[in-house]
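Chain by chain, the residues run as shown.
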Amino acid sequence: MSMLLFLILSLEVFAVGLSGLIASRHFLIMIFSIELMLVSSTLVATTFYYYGVNSNIGIFLFAVWAVMASEVIAVVAVYRYLQRADTGMDVKKLSDMKW
Amino acid sequence: MYLWVFALVAFLELAAAVSVYLLKSVMHATIALAMVFLFNSLMFLVLGQPLLAVLQAFVVIGGIATYLIVGTATAQKVGFKHVRVSVFVAMLLLFTAVLNYSIYGTNFSSLPKNGFSATGIEAMLSSIGLLYIIMLMLFGVSIGSIVLFKRFKKIEARGE
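Protein chains in written order, with our numbering: chain A, 875 to 973; chain B, 58 to 217.
The set of hints was computed from the structure by calculation and includes no laboratory data. Any given hint could be a false lead.
Said to hold, decoys possible - The calculated SDA-like cross-link candidates involving lysine to any residue, where the alpha carbons are at most 20 Å apart (straight line), are:
{"id": "1", "chain 1": "B", "residue 1": "Lys207", "chain 2": "B", "residue 2": "Ile88"}
{"id": "2", "chain 1": "B", "residue 1": "Lys207", "chain 2": "A", "residue 2": "Arg958"}
{"id": "3", "chain 1": "B", "residue 1": "Lys207", "chain 2": "A", "residue 2": "Gln957"}
{"id": "4", "chain 1": "A", "residue 1": "Lys966", "chain 2": "B", "residue 2": "Val144"}
{"id": "5", "chain 1": "B", "residue 1": "Lys207", "chain 2": "B", "residue 2": "Val127"}
{"id": "6", "chain 1": "A", "residue 1": "Lys967", "chain 2": "B", "residue 2": "Arg141"}
{"id": "7", "chain 1": "B", "residue 1": "Lys81", "chain 2": "B", "residue 2": "Arg141"}
All of these numbers come straight from a predicted model, not from anything done at the bench.
Kindly generate the complete structure, drawing on both the sequences and the hints.
What follows is the structure, given as structure tokens:
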């Protein structure tokens, strides 16, 4: 099976994540977009490993998973705080910082 | 045979990725994101990496996606239009064209295939399939428990 098919799939998922990040106004949906882009990077790394381009991707994959996990933990904490503060999830309103 | 497996998993993964933005409820979008992780894990199997597929299933779906679902379980329906669909479609077409142009014309056929012995489909049929079934059952249980909890809360609120 051609390596091109897997690369195209991972690029499509990355494009979906990137366009969603630009088009979305919801705080959580923007974080999900970043998760999609990280997932597509793991698929690219595994494709390169399978086709013999790179022989060591374990460290990269574990780093990506660690970043995804820690990002999600921080995001859920911030989300719960914003919910209790009754601020709303619209990033246009969140970007107006007030003291 | 592997081509149609790849095509099916790729289509499902892309459909789940797009539905993250088209669904109105954040909870449903979180579940769609977990589906993307699941199909990505299946794609690792198609690439002949059963260990990575199981790691992805345990770490990303079992840990990250479950934590996201529990954390956003109390989210209400979004009160504003959170995705501008026309902008999303336009950006998607633009980035698809740009990113695919970067690999257009590159010849990948001369690269050697990795010598990993366990091919994905056979490994899935032997023992990893059972792990996936267990994972899907547990995932369904966690989502079902959240749905039931919400329903009981509604019933209690009506009773008061």
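Status of the hints after comparison with the structure:
Using a Cα cut-off of 20 Å, the hinted pair B/Lys207 and B/Ile88 holds, with the two alpha carbons roughly 16 Å apart. For the proposed pair B/Lys207 and A/Arg958, the alpha carbon gap of about 18 Å is at most 20 Å, so the pair holds. For a cut-off of 20 Å, the pair hint linking B/Lys207 to A/Gln957 stands: about 17 Å separates their Cα positions. At most 20 Å may separate the alpha-carbon atoms for a hinted pair to count; A/Lys966 and B/Val144 meet this at roughly 16 Å.
The hinted pair formed by B/Lys207 and B/Val127 meets the criterion: a straight-line CA distance of about 12 Å does not exceed 20 Å. Proximity of A/Lys967 to B/Arg141 is assessed by CA-CA distance (about 16 Å); at most 20 Å being required, the pair is judged to hold. Between B/Lys81 and B/Arg141 the CA atoms are separated by roughly 12 Å; this keeps the pair inside 20 Å, and the hint holds.
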